[in-house]
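Chains Z and C, in that order, give the protein sequences. Residues 1 to 254 (this note's numbering) are what the first sequence spells out, left to right. Residues 1 to 441 (this note's numbering) are what the second sequence spells out, left to right.
Be careful, since some hints might not be right.
[Said to hold, decoys possible] Using 20 Å as the maximum straight-line C-alpha spacing, the simulated EDC-like pairs for lysine to aspartate or glutamate come out as follows: (1) LYS234(Z) <-> ASP190(Z); (2) LYS34(Z) <-> ASP218(Z); (3) LYS140(Z) <-> GLU130(Z); (4) LYS140(Z) <-> ASP413(C); (5) LYS140(Z) <-> GLU409(C); (6) LYS336(C) <-> GLU277(C).
The set of hints was computed from the structure by calculation and includes no laboratory data.
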Amino acid sequence: MHNGSGADALVIQDLHVSVDGMPILKGIDLHVPKGEVHALMGPNGSGKSTLANTLMGHPAFEVTGGSVTFKGQDILELATDERARLGMFMAFQYPSEITGVRVSNFLRMALNAQREEEISAMEFRRLMMEKMRLLRMDMKFASRYLNEGFSGGEKKRNEILQMAVLQPELAILDETDSGLDIDALRIVADGVNTLRGADMATLVITHYQRLLNYIVPDVVHVLIDGRIARTGDKQLALELDESGYEAMTAAQEA
Amino acid sequence: MAIDARAPGLTRRAVDEVADAGQEPDWLRAHRRAAWDVYEATPNPERTDEEWRRTDLRWLRWESLTPASPLDSLDRVPSTAPAAALSPSVTMLISAGGARVIDISPEARAAGVVALDLAEAARTQPALVRERLSTTAVTPEQGKFQALNAALWQGGALVHVPRGAVLAQPILVVTCDDAALRQPHLLASLGAGAQAAIVEWWADAETDAPALVNGATELFADSGSHLTYTHVQGLSSGTRSILSQRALVRRDATFTSTNVTVGGRFHKARVEASLTEPGASAVMNGAFRLGSRQFVDHHTTQGHLATDGTSDLLFAGVLDGRARSVYAGTIVVDPKAQRTNAYQNNRNLLLNSGTRADSIPRLEIMADDVRCTHGATTSTLEPSHLYYLCSRGLSESQARELIVEGYFEAVLDRVPHEGVRDVLRGVLTAPASTRDGATGI
Ligand SMILES: Nc1ncnc2c1ncn2[C@@H]1O[C@H](COP(=O)(O)OP(=O)(O)OP(=O)(O)O)[C@@H](O)[C@H]1O
Ligand SMILES: [Mg+2]
Numbered sequence: 001m002h003n004g005s006g007a008d009a010l011v012i013q014d015l016h017v018s019v020d021g022m023p024i025l026k027g028i029d030l031h032v033p034k035g036e037v038h039a040l041m042g043p044n045g046s047g048k049s050t051l052a053n054t055l056m057g058h059p060a061f062e063v064t065g066g067s068v069t070f071k072g073q074d075i076l077e078l079a080t081d082e083r084a085r086l087g088m089f090m091a092f093q094y095p096s097e098i099t100g101v102r103v104s105n106f107l108r109m110a111l112n113a114q115r116e117e118e119i120s121a122m123e124f125r126r127l128m129m130e131k132m133r134l135l136r137m138d139m140k141f142a143s144r145y146l147n148e149g150f151s152g153g154e155k156k157r158n159e160i161l162q163m164a165v166l167q168p169e170l171a172i173l174d175e176t177d178s179g180l181d182i183d184a185l186r187i188v189a190d191g192v193n194t195l196r197g198a199d200m201a202t203l204v205i206t207h208y209q210r211l212l213n214y215i216v217p218d219v220v221h222v223l224i225d226g227r228i229a230r231t232g233d234k235q236l237a238l239e240l241d242e243s244g245y246e247a248m249t250a251a252q253e254a
Numbered sequence: 001m002a003i004d005a006r007a008p009g010l011t012r013r014a015v016d017e018v019a020d021a022g023q024e025p026d027w028l029r030a031h032r033r034a035a036w037d038v039y040e041a042t043p044n045p046e047r048t049d050e051e052w053r054r055t056d057l058r059w060l061r062w063e064s065l066t067p068a069s070p071l072d073s074l075d076r077v078p079s080t081a082p083a084a085a086l087s088p089s090v091t092m093l094i095s096a097g098g099a100r101v102i103d104i105s106p107e108a109r110a111a112g113v114v115a116l117d118l119a120e121a122a123r124t125q126p127a128l129v130r131e132r133l134s135t136t137a138v139t140p141e142q143g144k145f146q147a148l149n150a151a152l153w154q155g156g157a158l159v160h161v162p163r164g165a166v167l168a169q170p171i172l173v174v175t176c177d178d179a180a181l182r183q184p185h186l187l188a189s190l191g192a193g194a195q196a197a198i199v200e201w202w203a204d205a206e207t208d209a210p211a212l213v214n215g216a217t218e219l220f221a222d223s224g225s226h227l228t229y230t231h232v233q234g235l236s237s238g239t240r241s242i243l244s245q246r247a248l249v250r251r252d253a254t255f256t257s258t259n260v261t262v263g264g265r266f267h268k269a270r271v272e273a274s275l276t277e278p279g280a281s282a283v284m285n286g287a288f289r290l291g292s293r294q295f296v297d298h299h300t301t302q303g304h305l306a307t308d309g310t311s312d313l314l315f316a317g318v319l320d321g322r323a324r325s326v327y328a329g330t331i332v333v334d335p336k337a338q339r340t341n342a343y344q345n346n347r348n349l350l351l352n353s354g355t356r357a358d359s360i361p362r363l364e365i366m367a368d369d370v371r372c373t374h375g376a377t378t379s380t381l382e383p384s385h386l387y388y389l390c391s392r393g394l395s396e397s398q399a400r401e402l403i404v405e406g407y408f409e410a411v412l413d414r415v416p417h418e419g420v421r422d423v424l425r426g427v428l429t430a431p432a433s434t435r436d437g438a439t440g441i
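All chains should be modelled from the sequences, with the hints used to inform the complete structure.
So, in structure tokens, the structure goes:
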């Protein structure tokens, strides 16, 4: 069933996470091998963003049990920036607007943070132009302040631009499809599919089966109340589209 | 009750000695003496004065102040001043011994730019000095420090850009000295329709000995002129400073001032623009970045004295360590000044819980057809912003620095001269370890 190279990029075992002492994730097991796309679906408030942010090391989320390794390395002790430099990336559900920080300056700094040798101004410009063309973003976004005044869809494209420039080994996309028009959806999917070919592991959080037509998942997981209630192939997403989570919750409780 | 401020060092006799040393004309000597009388008659600032309510002057020992000996003066531009980066059309250096022109471009020469030591100018160009020096913009009657400067300034400069002249490159005036008391005085004027940028830079000779700078800057923008003025306070960590800066802006002239404060341990600035004739406008920018126990107090005044004037002020500060700032901004609209537009905004970013920023707006509006707004915000670093930047691989300190730099962009965007803007960006973003005044404690 799994058609990746086999090597696990991300391994989550029995992960328990609390916020302010309140348990949100209650024992998650998840393996995402290199080159595979796993979709994570589930009702509002089930803990999808909590999982994504725990993986990125958000300080509000307290890991109370379990383990997470990435490329064989225990990452729970690492700071957020160290995880990023190890090759992890999350496209935010709600990206921050940061005034005065220009997209290109920021991205160049981010790229340099993970490189041995600083990229030259010329080379970086070329890279930005290439990626922005790929994502059909106007070059003017490069000199705009980070997400300030961006439309919802522009923010999401900007997340994918960052992914395309940084070329992570693990991408977690938290509802990147919400707010995107059909054309943008395709462009984003192309971006992911390109990197997937280069062995990137991907965890796609989404409410909509539509995205999965473009980024065809190897595995679909359904998260309900902090637990993975079901795991299946892309058919599972179609099934959910038909019957919703209600039926599944009922079936689980029965 | 004011304490008697007279002291062995600061005396009427010292006034005459300074006038002698500069071979100043009689009218200037009389001028200084009159200012000295005002100084003597003016009580020392007290905590009970509104202007000094939040600003502690207890460190000031009036009795130990003494005029600089001109032998103390230096003759080279300090490495901290960005003479090269700005490629100025004129470079002047002020110290207690006087002002010297280090460099003047053929362009500035051809345009007829006047750049002179102020005492010399009083002798040779009285028409440019006598009517204006301490008479209308910054006057002895405005306060103790203003009177002291008018009586005992040492090291003055006159800059004049004649009518219609347009200078592409800025005029740089660097004040640098190691004297314990420095009282520079800059008198700068643009003739009608002239256009120029003037950058005044306060630096220290390489010393950390405690010093006091009591400077005055008088600016005159004649009708239809465009004056871009920048003040950088880049003093070292032992130095305290008091700045009295005022521009008089005439009909249809535009004035843009930018005050950048990063150095010193104590800085008290009066920053004023008065729109004296119809159609004048002022953009007033301020940016300060403080650390350790630095204290900065800006009192700004947007003075609307005539119709159809516009003023737009933005002061932004970033405070770290145990730094403190006071911002008090007044908009004055004279009964005559109908159709005034005035905006005032003060923003502060507190990086540390040990910091504090006070912001006090004041409106004195005596005309009725006026649009006037003011706002003040004080914020702290948004953790979600740090997280976002760190999630892309930036270390926390890189992320903080990027956010702080970004905080100043709104101010820098308003600086019309690109070269000046770039230099100011450098002043505001230099790593703390290399910034005087931000080190220690
Ligand atoms: N910082 C926080 N403080 C308090 N509660 C939180 C916090 N973060 C998340 N929660 C709670 O944890 C639960 C899971 O939230 P999470 O954002 O992970 O859901 P989600 O599956 O991403 O939902 P959605 O589909 O709406 O994005 C919710 O009940 C939420 O209110
Ligand atoms: Mg979510």
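These are the hints, each one checked on the structure:
1. Note on LYS234(Z) and ASP190(Z): the hinted pairing holds, with a Cα-Cα distance of about 18 Å set against a maximum of 20 Å.
2. A C-alpha spacing of about 11 Å is found between LYS34(Z) and ASP218(Z), which places the hinted pair at or below 20 Å, so the restraint holds.
3. Simply put, LYS140(Z) and GLU130(Z) have alpha-carbon atoms about 14 Å apart, close enough for the 20 Å limit, and the pair holds.
4. Distance check on the hinted pair: LYS140(Z) and ASP413(C) sit about 17 Å apart at the alpha-carbon level, within 20 Å; holds.
5. Restraint check for LYS140(Z) and GLU409(C): satisfied, since their Cα atoms lie roughly 17 Å apart, inside the 20 Å limit.
6. As the CA atoms of LYS336(C) and GLU277(C) are separated by approximately 10 Å, the hinted pair is consistent with the 20 Å bound.
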